[in-house]
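Number of protein chains: 2
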Amino acid sequence: MDSRRCLRSKRMSYIWCIHSVMNNLLKKETDSRVRKLQQTIIDARADACIITSAVNQYWLCGFIFDGYLMVFPDGEPMLFVKHPSDIPDERVKMIRKPEQIPDRLHDAGMPLPARLMTESGVLPYNSLLRLQAALGMPEIINVSGELRRIRAVKSVYELNQIRESAAIHTQVYGLIPSLYHEGMTDLELQIEVERQMRLHGSVGIFRSYGENMDIFMGSMLAGDNAQAASPFDYALGGKGISPLLPQGANGTPLVSGITLMVDMAGNYRPWMDDMTRSFVITQAPDIAWQAHQLSIDIAGTIEQTSKAGTCCADLYHIAEEMVKERGLQPYFMGTAQQAKFIGHGVGLEINEPPVLTPRSKEILETGMAIAVEPKFVLPGIGAVGIENTYIVHENELEKVTLCEEELIIL
Amino acid sequence: MDSRRCLRSKRMSYIWCIHSVMNNLLKKETDSRVRKLQQTIIDARADACIITSAVNQYWLCGFIFDGYLMVFPDGEPMLFVKHPSDIPDERVKMIRKPEQIPDRLHDAGMPLPARLMTESGVLPYNSLLRLQAALGMPEIINVSGELRRIRAVKSVYELNQIRESAAIHTQVYGLIPSLYHEGMTDLELQIEVERQMRLHGSVGIFRSYGENMDIFMGSMLAGDNAQAASPFDYALGGKGISPLLPQGANGTPLVSGITLMVDMAGNYRPWMDDMTRSFVITQAPDIAWQAHQLSIDIAGTIEQTSKAGTCCADLYHIAEEMVKERGLQPYFMGTAQQAKFIGHGVGLEINEPPVLTPRSKEILETGMAIAVEPKFVLPGIGAVGIENTYIVHENELEKVTLCEEELIIL
Numbered sequence: 000m001d002s003r004r005c006l007r008s009k010r011m012s013y014i015w016c017i018h019s020v021m022n023n024l025l026k027k028e029t030d031s032r033v034r035k036l037q038q039t040i041i042d043a044r045a046d047a048c049i050i051t052s053a054v055n056q057y058w059l060c061g062f063i064f065d066g067y068l069m070v071f072p073d074g075e076p077m078l079f080v081k082h083p084s085d086i087p088d089e090r091v092k093m094i095r096k097p098e099q100i101p102d103r104l105h106d107a108g109m110p111l112p113a114r115l116m117t118e119s120g121v122l123p124y125n126s127l128l129r130l131q132a133a134l135g136m137p138e139i140i141n142v143s144g145e146l147r148r149i150r151a152v153k154s155v156y157e158l159n160q161i162r163e164s165a166a167i168h169t170q171v172y173g174l175i176p177s178l179y180h181e182g183m184t185d186l187e188l189q190i191e192v193e194r195q196m197r198l199h200g201s202v203g204i205f206r207s208y209g210e211n212m213d214i215f216m217g218s219m220l221a222g223d224n225a226q227a228a229s230p231f232d233y234a235l236g237g238k239g240i241s242p243l244l245p246q247g248a249n250g251t252p253l254v255s256g257i258t259l260m261v262d263m264a265g266n267y268r269p270w271m272d273d274m275t276r277s278f279v280i281t282q283a284p285d286i287a288w289q290a291h292q293l294s295i296d297i298a299g300t301i302e303q304t305s306k307a308g309t310c311c312a313d314l315y316h317i318a319e320e321m322v323k324e325r326g327l328q329p330y331f332m333g334t335a336q337q338a339k340f341i342g343h344g345v346g347l348e349i350n351e352p353p354v355l356t357p358r359s360k361e362i363l364e365t366g367m368a369i370a371v372e373p374k375f376v377l378p379g380i381g382a383v384g385i386e387n388t389y390i391v392h393e394n395e396l397e398k399v400t401l402c403e404e405e406l407i408i409l
Numbered sequence: 000m001d002s003r004r005c006l007r008s009k010r011m012s013y014i015w016c017i018h019s020v021m022n023n024l025l026k027k028e029t030d031s032r033v034r035k036l037q038q039t040i041i042d043a044r045a046d047a048c049i050i051t052s053a054v055n056q057y058w059l060c061g062f063i064f065d066g067y068l069m070v071f072p073d074g075e076p077m078l079f080v081k082h083p084s085d086i087p088d089e090r091v092k093m094i095r096k097p098e099q100i101p102d103r104l105h106d107a108g109m110p111l112p113a114r115l116m117t118e119s120g121v122l123p124y125n126s127l128l129r130l131q132a133a134l135g136m137p138e139i140i141n142v143s144g145e146l147r148r149i150r151a152v153k154s155v156y157e158l159n160q161i162r163e164s165a166a167i168h169t170q171v172y173g174l175i176p177s178l179y180h181e182g183m184t185d186l187e188l189q190i191e192v193e194r195q196m197r198l199h200g201s202v203g204i205f206r207s208y209g210e211n212m213d214i215f216m217g218s219m220l221a222g223d224n225a226q227a228a229s230p231f232d233y234a235l236g237g238k239g240i241s242p243l244l245p246q247g248a249n250g251t252p253l254v255s256g257i258t259l260m261v262d263m264a265g266n267y268r269p270w271m272d273d274m275t276r277s278f279v280i281t282q283a284p285d286i287a288w289q290a291h292q293l294s295i296d297i298a299g300t301i302e303q304t305s306k307a308g309t310c311c312a313d314l315y316h317i318a319e320e321m322v323k324e325r326g327l328q329p330y331f332m333g334t335a336q337q338a339k340f341i342g343h344g345v346g347l348e349i350n351e352p353p354v355l356t357p358r359s360k361e362i363l364e365t366g367m368a369i370a371v372e373p374k375f376v377l378p379g380i381g382a383v384g385i386e387n388t389y390i391v392h393e394n395e396l397e398k399v400t401l402c403e404e405e406l407i408i409l
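These protein sequence lines map, in sequence, to chains A and B.
Counting from 0, one number per residue, gives the positions in the first sequence under numbering that gives the first Met the number 0.
Counting from 0, one number per residue, gives the positions in the second sequence under numbering that gives the first Met the number 0.
Source of the hints: derived by calculation from the structure; they are not laboratory data.
It cannot be assumed that every hint is accurate.
It does not matter which identical chain is meant; a pair holds if it fits inside one copy or across any two.
Once the Cα atoms are required to be at most 30 Å apart in a straight line, the calculated DSSO-like pairs of lysine-lysine come out as [what the hints assert, rightly or not]:
| hint | residue 1 | residue 2 |
| --- | --- | --- |
| 1 | Lys27 | Lys398 |
| 2 | Lys339 | Lys398 |
| 3 | Lys96 | Lys339 |
| 4 | Lys96 | Lys238 |
| 5 | Lys398 | Lys323 |
| 6 | Lys323 | Lys35 |
| 7 | Lys92 | Lys238 |
| 8 | Lys323 | Lys26 |
| 9 | Lys96 | Lys360 |
Could you build the full structure based on these sequences and the hints that come with them?
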């Protein structure tokens with residue numbers, strides 16, 4: 000073997016080795032996740048669970064497909080796949096339609112399920128009725144909420160993905176002052192940020208749960224556009240540029256005296272972080288600096304006082320108390336339409352459990368990742384405040400969005 | 000009044016006048032659409048129809064909201080709105096949850112519906128069960144398909160939006176040669192095209208129907224990435240850059256001898272066009288030119304021979320015949336996974352009726368807009384072909400995507 004071939008062969012075997020280590024790691028991850036779902040199936044005394052959503056297919060398999068992932072109380076799952084036709088997984092059984100599942104089950108010596116868990120929170124009514132009829136009318140049990148609760152507690156691998164995403168997110172936000180130039184609109188600046196996000200590996204879309212979560216790559220709100228209420232379930236709204244997507248930047252000129260809040264997606268890995276930073280155009284009134292400092296202080300206090308075991312409602316109460324103390328209630332989380340909300344879990348979807356609201360009954364658990372976003376909307380000025388993502392440990396919160404928190408002057 | 004105030008006042012009244020004309024036009028449009036849905040409700044002998052999807056809310060109201068649009072066989076619809084709270088429409092009744100709808104109906108002297116049409120094709124199972132229970136368990140009838148059929152035939156206003164979108168789409172595609180530089184990957188070029196799309200008014204996301212239509216701003220396929228099968232319901236696939244979105248560009252270097260197919264979204268208006276153009280990097284084998292010319296010829300033949308009354312299946316048969324004649328069947332609409340499909344309707348969603356397949360029973364109607372996309376995938380080279388959007392008239396097809404069709408050398 001000449002030296003070049005030898006080198007190449009060494010390099011190939013190194014790549015193969017990395018590939019194989021990654022594959023083993025991913026297999027361990029997905030096996031462990033399948034076991035968690037199997038416990039849920041057992042607890043619900045169900046016979047099987049069928050997974051159809053991209054997020055949960057990916058979480059349980061490491062890839063997505065058009066078809067039905069069927070998980071049983073024990074043993075290996077079965078993958079009933081419409082396409083693609085080339086998945087290298089021996090658990091795959093190709094089908095053209097759900098009506099073929101009973102035959103495939105029969106061939107494998109499996110009975111039809113009498114009690115079936117499905118993602119009833121996301122699967123369209125007609126698709127679920129068709130699936131139910133195809134499988135001989137099993138009783139349907141909703142697994143959507145329970146899967147969200149299981150996914151809320153992340154593995155070491157998953158938490159590392161959030162840290163990695165946050166590190167890239169920080170790099171991209173660091174570019175914002177250099178992307179800005181005088182005379183820009185919010186939308187023009189957002190477009191340059193979107194480009195940098197893509198160049199840094201953002202896949203573009205990001206996943207969310209629920210029917211009112213449309214958004215494009217995130218939100219940038221300048222001046223009084225931060226007051227505009229939108230139909231979507233985000234902390235703040237914005238008018239947007241289309242009646243079909245009334246959300247976010249609306250072409251507001253970035254003029255002296257207003258603030259700009261940047262809450263663009265942290266989707267640089269399948270597991271995401273969430274981060275907001277705020278900017279001042281040239282100069283802003285004192286109240287903008289005060290409200291922004293309060294946001295930093297609230298996030299800092301929550302970081303200092305919270306850990307596994309803390310009630311999620313308490314995080315909201317800490318914020319509410321501090322806001323009252325400084326008399327900024329009229330601007331907290333909006334003006335006309337105020338969100339009773341201080342943050343949320345984050346992971347494969349941008350809005351995972353737990354939810355940080357005064358009525359939340361949830362408790363922080365080790366391995367959760369939460370985004371804390373105390374924000375203020377100041378009429379005539381704009382939105383200010385920060386949002387950080389934290390990982391919950393036994394004795395502390397770990398901040399992963401390590402980006403300058405002060406108001407930055409553009 | 001000084002002259003400046005007078006000028007301003009004239010300008011304001013001009014703007015107000017334009018605004019008022021637009022509002023009247025939109026009101027006429029939405030009134031006419033509501034009447035079409037009312038006929039469907041009457042035909043189904045239903046008591047009401049509840050609309051929850053953004054696309055159909057927009058189509059029927061001109062705006063979207065979080066809540067329930069309730070249409071009756073006659074009279075004005077009612078809008079049960081959770082948020083935003085500031086919609087200037089007297090038909091709005093604010094609610095916090097669907098369980099409050101019966102009281103609001105009662106206040107208006109309306110009975111609960113016994114037969115209710117809903118968007119069962121898109122509304123999640125649990126959301127529909129909750130709505131059904133809230134309304135006293137009416138019988139459920141699916142309106143999704145019928146709404147799609149109604150929307151497939153567009154008004155003059157809607158068709159003009161498609162023409163306007165196509166004109167901007169053409170401008171953006173015209174920039175591609177200037178955005179390309181040697182040494183780029185497919186993804187790097189796509190990112191520059193995305194930026195131009197946004198600068199030209201693209202809202203970013205685009206709407207589609209069905210559960211397997213994830214995509215980000217469109218598709219660019221270079222070289223053999225065009226052969227990769229994806230789980231999504233698009234004519235061609237691509238590996239993508241994330242296991243959560245295995246679709247489109249994957250970082251393929253744009254090297255001499257391969258082709259690049261550009262099928263980015265035409266979402267410059269709520270009503271969209273759809274257009275594909277193909278490029279050669281430096282040079283390509285003869286077969287690439289031949290297959291591309293065949294695509295142009297197929298689209299041209301369909302344009303010459305089709306009009307209102309033509310069977311949609313015939314459009315596919317024309318293409319199939321021409322492909323056989325030139326012996327290019329192994330490359331038509333994919334290689335390993337070939338789509339039996341030559342195009343689709345387009346409008347507020349990218350995949351509207353009619354569908355142009357050999358089994359389609361649909362007939363072209365005046366006012367439909369269709370995208371015709373005969374494409375070829377050449378192993379070792381890449382994808383070639385074009386896609387045009389046509390408006391169906393009584394005696395002809397009108398091409399609206401007026402952009403150079405030849406293979407362009409980059």
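Subject >> In rising order, the numbers of the hints this structure does not comply with >> reply: 6 and 8
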